[in-house]
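Participant: Could you build all of it, start to finish, from the sequences and the hints given here?
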Amino acid sequence: MSTSTKSIAIAVMALSMMAACGGGGTDAASAGPPGAPTLEKETGGSKAKLLTEADVTLGDIDNGMAEKGKTTYDVKCQACHSMGENRVVGPGWKGITTRRKPEWIMNMILNVDVMLAEDAEAQKQLEQCLVRMPNQNLSMEEARQVLEFMRTL
Amino acid sequence: MKRPLLFTTGTMALAGLAFVLVNSLPGCRPSTTQTVVTGDAASRVYVKPGTHDEFYNMVSGGFSGQLAVYGLPSGRLLREVPVFSVDPETGYGYSEETKGMLMTSHGFIPWDDSHHPELSQTNGIPDGKWCFINGNNTPRIALIDMGTFRTHSIIEIPNSAGNHSSPFTTGNSEYVVAGTRFSVPMGDDAQRDVPISSYKETFKGTVSFIHPEPETGKMSIAFQIVTPAVDFDLSHAGKGPSEGWFFFSCYNTEQAYSLLEVNASQRDKDFIMAVNWKMAEQLAKEGKGKRVPGRHYSNWWNDKTHSSETTVVEDVLQLDPKEHPGLLYFMPCPKSPHGCDVDPTGKYIVGSGKLAALIPVFSFEKMQKAIAANELEGDFAGIPVLKYESVLHGEVKKPGLGPLHTEFDANGNAYTSFFVSSEIVKWNVEKLEVLDRVPTYYSIGHLCVPGGDSKQPWGKYVIAYNKITKDRYLPTGPELTQSAQLYSIDGDKMELLLDFPTTGEPHYAQAIPADLVKPREVKFFKIEENQHPYVAKGEKEARVERKGNEVHVWMTSIRSHFAPDNIEGVKLGDEVYFHVTNLEQDWDVPHGFAIKGAANAELLIMPGETQTLKWVPTRVGVWPMYCTDFCSALHQEMQGYVRVSPANSNVPLKGETVSVDAGV
Amino acid sequence: MRLHPLSRVLLALAALALALNLVMPIWRIDLMAPQYPEGLFLQIFHDRFTGDIDKINGLNHYIGMAHIKDEMFPEFGIMRYAFYLLIAWGLFTAAMGRRGVLLSWLFAIAAFIIWAVWDMYVWGYKYGHDLDPRAAIKVEGMAYQPPLIGHKQLLNFDAWSTPDVGGWALFSCSAVAAIIFAVEWRRAHRAARSV
Numbered sequence: 475m476s477t478s479t480k481s482i483a484i485a486v487m488a489l490s491m492m493a494a495c496g497g498g499g500t501d502a503a504s505a506g507p508p509g510a511p512t513l514e515k516e517t518g519g520s521k522a523k524l525l526t527e528a529d530v531t532l533g534d535i536d537n538g539m540a541e542k543g544k545t546t547y548d549v550k551c552q553a554c555h556s557m558g559e560n561r562v563v564g565p566g567w568k569g570i571t572t573r574r575k576p577e578w579i580m581n582m583i584l585n586v587d588v589m590l591a592e593d594a595e596a597q598k599q600l601e602q603c604l605v606r607m608p609n610q611n612l613s614m615e616e617a618r619q620v621l622e623f624m625r626t627l
Numbered sequence: 005m006k007r008p009l010l011f012t013t014g015t016m017a018l019a020g021l022a023f024v025l026v027n028s029l030p031g032c033r034p035s036t037t038q039t040v041v042t043g044d045a046a047s048r049v050y051v052k053p054g055t056h057d058e059f060y061n062m063v064s065g066g067f068s069g070q071l072a073v074y075g076l077p078s079g080r081l082l083r084e085v086p087v088f089s090v091d092p093e094t095g096y097g098y099s100e101e102t103k104g105m106l107m108t109s110h111g112f113i114p115w116d117d118s119h120h121p122e123l124s125q126t127n128g129i130p131d132g133k134w135c136f137i138n139g140n141n142t143p144r145i146a147l148i149d150m151g152t153f154r155t156h157s158i159i160e161i162p163n164s165a166g167n168h169s170s171p172f173t174t175g176n177s178e179y180v181v182a183g184t185r186f187s188v189p190m191g192d193d194a195q196r197d198v199p200i201s202s203y204k205e206t207f208k209g210t211v212s213f214i215h216p217e218p219e220t221g222k223m224s225i226a227f228q229i230v231t232p233a234v235d236f237d238l239s240h241a242g243k244g245p246s247e248g249w250f251f252f253s254c255y256n257t258e259q260a261y262s263l264l265e266v267n268a269s270q271r272d273k274d275f276i277m278a279v280n281w282k283m284a285e286q287l288a289k290e291g292k293g294k295r296v297p298g299r300h301y302s303n304w305w306n307d308k309t310h311s312s313e314t315t316v317v318e319d320v321l322q323l324d325p326k327e328h329p330g331l332l333y334f335m336p337c338p339k340s341p342h343g344c345d346v347d348p349t350g351k352y353i354v355g356s357g358k359l360a361a362l363i364p365v366f367s368f369e370k371m372q373k374a375i376a377a378n379e380l381e382g383d384f385a386g387i388p389v390l391k392y393e394s395v396l397h398g399e400v401k402k403p404g405l406g407p408l409h410t411e412f413d414a415n416g417n418a419y420t421s422f423f424v425s426s427e428i429v430k431w432n433v434e435k436l437e438v439l440d441r442v443p444t445y446y447s448i449g450h451l452c453v454p455g456g457d458s459k460q461p462w463g464k465y466v467i468a469y470n471k472i473t474k475d476r477y478l479p480t481g482p483e484l485t486q487s488a489q490l491y492s493i494d495g496d497k498m499e500l501l502l503d504f505p506t507t508g509e510p511h512y513a514q515a516i517p518a519d520l521v522k523p524r525e526v527k528f529f530k531i532e533e534n535q536h537p538y539v540a541k542g543e544k545e546a547r548v549e550r551k552g553n554e555v556h557v558w559m560t561s562i563r564s565h566f567a568p569d570n571i572e573g574v575k576l577g578d579e580v581y582f583h584v585t586n587l588e589q590d591w592d593v594p595h596g597f598a599i600k601g602a603a604n605a606e607l608l609i610m611p612g613e614t615q616t617l618k619w620v621p622t623r624v625g626v627w628p629m630y631c632t633d634f635c636s637a638l639h640q641e642m643q644g645y646v647r648v649s650p651a652n653s654n655v656p657l658k659g660e661t662v663s664v665d666a667g668v
Numbered sequence: 181m182r183l184h185p186l187s188r189v190l191l192a193l194a195a196l197a198l199a200l201n202l203v204m205p206i207w208r209i210d211l212m213a214p215q216y217p218e219g220l221f222l223q224i225f226h227d228r229f230t231g232d233i234d235k236i237n238g239l240n241h242y243i244g245m246a247h248i249k250d251e252m253f254p255e256f257g258i259m260r261y262a263f264y265l266l267i268a269w270g271l272f273t274a275a276m277g278r279r280g281v282l283l284s285w286l287f288a289i290a291a292f293i294i295w296a297v298w299d300m301y302v303w304g305y306k307y308g309h310d311l312d313p314r315a316a317i318k319v320e321g322m323a324y325q326p327p328l329i330g331h332k333q334l335l336n337f338d339a340w341s342t343p344d345v346g347g348w349a350l351f352s353c354s355a356v357a358a359i360i361f362a363v364e365w366r367r368a369h370r371a372a373r374s375v
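If you're matching them up, the sequences are chains A, B and C in order.
Whatever position you read off the first sequence (first residue = 1), add 474 for this note's numbering.
Whatever position you read off the second sequence (first residue = 1), add 4 for this note's numbering.
Whatever position you read off the third sequence (first residue = 1), add 180 for this note's numbering.
One or more of the hints may lead you astray.
Pairs of lysine to any residue residues, derived as SDA-like cross-links and limited to a Cα-Cα distance of at most 25 angstroms, are as follows [as the list claims (entries may be wrong)]:
1) C/Lys318 with B/Val438
2) B/Lys658 with A/Met557
3) B/Lys471 with C/Asp338
4) B/Lys52 with B/Tyr477
5) B/Lys530 with B/Arg154
6) B/Lys522 with A/Ser613
7) A/Lys575 with A/Asp529
8) B/Lys401 with C/Leu334
9) A/Lys544 with B/Pro537
10) B/Lys471 with B/Lys497
11) B/Lys401 with C/Asp312
Label-pair ranges, simulated between beta-carbon atoms [said to hold, decoys possible]:
12) B/Arg299 with A/Ala591: 57 to 67 angstroms
13) C/Arg228 with B/Pro479: 24 to 34 angstroms
14) B/Val41 with C/Phe351: 33 to 43 angstroms
15) B/Gly577 with A/Ala594: 53 to 63 angstroms
16) C/His309 with B/Glu437: 27 to 37 angstroms
17) C/Lys235 with B/Thr42: 24 to 34 angstroms
18) A/Asp548 with B/Asn570: 19 to 29 angstroms
19) B/Val41 with A/Glu577: 54 to 64 angstroms
20) C/Ala358 with B/Asn432: 51 to 61 angstroms
21) B/Glu641 with A/Thr626: 25 to 35 angstroms
22) B/Pro628 with A/Gly533: 43 to 53 angstroms
23) B/Arg299 with C/Glu251: 50 to 60 angstroms
24) A/Thr572 with B/Gly577: 52 to 62 angstroms
25) B/Pro505 with C/Ala358: 56 to 66 angstroms
Stretch by stretch, here's where chain B covers chain C in the computed footprint (C-beta under 8 angstroms, at least three residues) [said to hold, decoys possible]:
26) 215–224
27) 311–318
No lab work stands behind these hints: they were computed from the structure.
Glycine residues also receive a C-beta, built at the ideal position from the N, C-alpha and C atoms.
Facilitator: Written out as structure tokens, the structure reads:
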């Protein structure tokens with residue numbers, strides 16, 4: 475068992491606890507037999523709160539960040555998103571930052587399950603593409619780098 | 005007056021005759037044994053949809069060679085972990101990477117008979133890190149990582165035949181043991197080519213101590229102790245006061261080599277062998293052992309390269325107890341002991357003579373005194389035999405028939421399975437009093453109490469693993485399901501709560517609170533850390549290359565397409581290797597891969613992992629490939645083609661994914 | 181004084197009922213244990229055994245009991261003649277209608293039953309006690325003699341020994357014969373007094 479796995483597990487546990495504290499309304503703990511396991515909602519960290527406009531600030535394009543974003547794109551995104559305007563599985567990225575707000579893009583990358591459940595625009599996109607965008611488990615930093623890379627297209 | 009009397013009597017006589025005749029047909033005999041299940045049993049095993057079981061139950065798959073994982077108390081089958089047998093469902097033993105896990109000194113072995121799961125321990129308590137299980141037929145021990153529920157390493161045991169007395173662990177999993185069921189001749193070819201009838205002179209037994217590296221889980225044989233020729237059956241480590249000792253039950257002290265059914269059941273007492281493993285460890289460190297021939301394979305799964313790594317070792321360090329007095333002692337134990345179980349306090353060792361009508365309980369303290377006072381009955385092939393009376397704590401009298409195996413709760417009670425009388429008997433270890441008994445349906449083998457062989461039993465349940473199922477389930481032809489039964493041990497009386505079917509033959513099993521395991525679970529493999537030599541980190545790296553007659557395809561899969569999915573230029577006579585990397589980075593999104601005519605199985609590739617399927621086309625044509633694991637609404641679209649041309653064709657090799665511009 | 185015609189008809193029927201022993205099982209042994217929910221049984225005919233003989237032999241093998249085989253019982257070769265004789269005797273009694281003959285038939289049936297029970301006891305004793313010293317399971321002081329009639333606990337088995345169709349026919353037939361004898365005896369005595 476690597477320590478990184480452990481820390482992921484701990485993070486997930488912490489998140490699920492937060493969800494429970496936030497009034498998730500699970501009745502499993504009270505209704506189950508004594509000593510029975512409580513219901514854990516482990517959904518790969520997607521229970522984190524959505525970002526708002528204030529959370530994402532854009533400055534001048536940082537080429538170093540964009541380059542890192544490109545590396546992540548090659549491994550985790552390119553299979554479905556082209557750098558052009560054409561759709562492969564998901565939409566092409568050329569000009570995407572002019573069509574979508576930065577926090578919307580960040581939320582799609584970091585919290586796609588919540589977005590597909592709650593955001594009308596995201597749902598409209600799914601109707602077109604028919605494939606739920608996978609959660610590729612990018613860190614906040616990586617997502618921000620990908621956003622920077624998008625801005626260069 | 006007279007006539008009616010006679011008439012009445014005669015009629016009555018006749019009616020009586022008819023009555024008894026009719027009555028005798030169905031028989032005025034007892035009805036069959038009925039299962040007694042108390043009213044609230046259902047609610048006590050009901051796990052609400054969406055909620056989790058309280059315990060993981062790791063159950064041997066028997067002759068399936070695998071390890072089955074159930075949830076308790078529901079008895080729901082969660083997973084069948086491929087261990088010693090190939091598994092077409094996951095591609096285990098079929099993919100190029102996993103084939104190495106099943107390599108032995110006899111070559112590739114696609115099957116074994118798995119018997120006893122044993123959880124790794126820290127301070128004598130199961131820690132949820134690993135689960136060991138033994139392969140009986142081609143002697144091996146496997147280590148399953150409880151974070152991935154995958155076989156992480158397998159080591160072959162040399163100079164062993166029928167690895168039954170295995171893989172029980174010491175209190176901090178310094179060692180797991182392997183006691184040979186069959187004694188065999190050892191050494192070089194000439195020493196091994198002997199008449200079977202020379203058993204007593206030339207055959208030897210061994211018990212091996214295998215060390216799993218705490219960080220990596222790689223296993224190696226630390227040392228092997230040579231013993232007189234007997235059959236070893238089961239074993240358990242001492243704990244607490246008996247820490248540092250290991251106990252092995254052995255039968256066939258008659259040293260029979262034919263018709264053991266009769267010839268190995270003659271002596272009134274066989275042995276429990278006590279091994280001072282701390283002393284053996286010291287001797288091995290001091291170089292007192294001798295390296296002898298013992299070619300064996302040690303296979304290890306690398307989570308970074310997603311491939312197996314094999315080490316071949318030619319010899320093994322052996323210790324001869326005759327040269328080291330104090331290393332081994334025999335304790336007489338009635339009638340072919342099976343279970344050899346140490347109670348949670350570590351003070352008592354329970355032997356279960358499977359042909360005996362009593363249970364002997366040995367005292368470690370008395371054993372130490374007997375050794376100090378040299379209270380010997382004699383010796384067996386040069387190994388001292390302690391006096392039965394000197395080492396005995398006491399006997400449980402007339403507990404049942406055919407005691408097999410004992411586990412414990414935290415309140416000083418033992419639970420022993422009785423195969424012949426088909427029951428579980430609860431008794432008090434200190435007082436040797438039978439407290440309760442409950443029938444099993446039918447013919448129980450092993451049993452399991454969560455933590456029941458450790459220092460700290462969690463108790464709550466005892467699970468019976470039965471040898472016979474008969475009428476308990478819907479019949480399925482001549483072969484019926486195997487089965488287990490869950491009993492509550494919370495009260496004074498054991499209560500049957502649930503029957504549940506199992507895969508393969510359930511031999512031994514262990515159970516552990518889910519909370520000790522769940523936090524360890526790996527959800528996916530990080531694609532950044534993938535060091536597979538043929539990984540394609542992104543579709544940019546997807547390609548096709550030829551190396552002589554080998555065609556290598558770096559292929560990626562993501563919902564819901566492969567890249568490349570059109571491959572041309574493959575020729576008859578080529579060997580095609582599909583190295584498929586799953587680019588997904590989320591939990592529960594495996595992709596499958598299958599191609600028509602593949603002479604092996606599918607691949608099932610976890611997120612971030614790379615696996616390889618070898619395909620040797622046998623005919624010219626265009627052949628389909630597709631994803632086998634439903635991945636998205638467009639799963640049925642996740643497919644592609646491989647064009648195979650004649651051997652002399654000039655079709656250029658290429659692999660591509662052709663996208664029609666769909667617009668945004 | 182001759183027997184009443186109805187008595188003679190009944191006696192003839194009783195004698196014929198004995199013939200059931202030639203086609204139906206006479207005795208039956210049932211074994212019950214948790215792991216044999218359907219039970220194991222053994223039926224004894226006048227000339228053979230039927231039932232779960234192989235399973236019972238397989239079990240008994242552990243504790244060293246002899247394997248049950250038809251050849252072990254010379255009784256199987258001669259029992260039919262005993263029944264022929266008893267049936268003929270009964271029919272003869274009915275034909276003659278004499279109380280003395282009826283009494284002799286009653287004694288013959290009783291003698292047969294006593295012999296059969298004694299024979300079964302001796303066999304059961306031998307079967308349960310003469311154990312193979314090389315048996316795998318030996319329980320100190322334990323013998324496995326099946327019950328003669330009724331119930332007995334043998335290790336983990338509940339053993340039941342009961343008459344089967346033939347046995348019931350035999351008992352009923354002797355009961356009928358005895359009742360008729362009693363009734364006829366009373367009838368004769370009353371007749372003697374009233375004369």
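Participant: Determine for every hint whether it applies to the structure shown.
Facilitator: Cross-check of the supplied hints:
no., hint, verdict
1, C/Lys318 with B/Val438, "holds, 21 angstroms"
2, B/Lys658 with A/Met557, "holds, 23 angstroms"
3, B/Lys471 with C/Asp338, "holds, 21 angstroms"
4, B/Lys52 with B/Tyr477, "holds, 23 angstroms"
5, B/Lys530 with B/Arg154, "holds, 17 angstroms"
6, B/Lys522 with A/Ser613, "holds, 23 angstroms"
7, A/Lys575 with A/Asp529, "holds, 12 angstroms"
8, B/Lys401 with C/Leu334, "holds, 17 angstroms"
9, A/Lys544 with B/Pro537, "holds, 23 angstroms"
10, B/Lys471 with B/Lys497, "holds, 24 angstroms"
11, B/Lys401 with C/Asp312, "holds, 24 angstroms"
12, B/Arg299 with A/Ala591: 57 to 67 angstroms, "holds, 58 angstroms"
13, C/Arg228 with B/Pro479: 24 to 34 angstroms, "holds, 31 angstroms"
14, B/Val41 with C/Phe351: 33 to 43 angstroms, "holds, 40 angstroms"
15, B/Gly577 with A/Ala594: 53 to 63 angstroms, "holds, 56 angstroms"
16, C/His309 with B/Glu437: 27 to 37 angstroms, "holds, 31 angstroms"
17, C/Lys235 with B/Thr42: 24 to 34 angstroms, "holds, 32 angstroms"
18, A/Asp548 with B/Asn570: 19 to 29 angstroms, "holds, 21 angstroms"
19, B/Val41 with A/Glu577: 54 to 64 angstroms, "holds, 58 angstroms"
20, C/Ala358 with B/Asn432: 51 to 61 angstroms, "holds, 58 angstroms"
21, B/Glu641 with A/Thr626: 25 to 35 angstroms, "holds, 32 angstroms"
22, B/Pro628 with A/Gly533: 43 to 53 angstroms, "holds, 50 angstroms"
23, B/Arg299 with C/Glu251: 50 to 60 angstroms, "holds, 55 angstroms"
24, A/Thr572 with B/Gly577: 52 to 62 angstroms, "holds, 54 angstroms"
25, B/Pro505 with C/Ala358: 56 to 66 angstroms, "holds, 57 angstroms"
26, 215–224, "holds (count 5)"
27, 311–318, "holds (count 5)"
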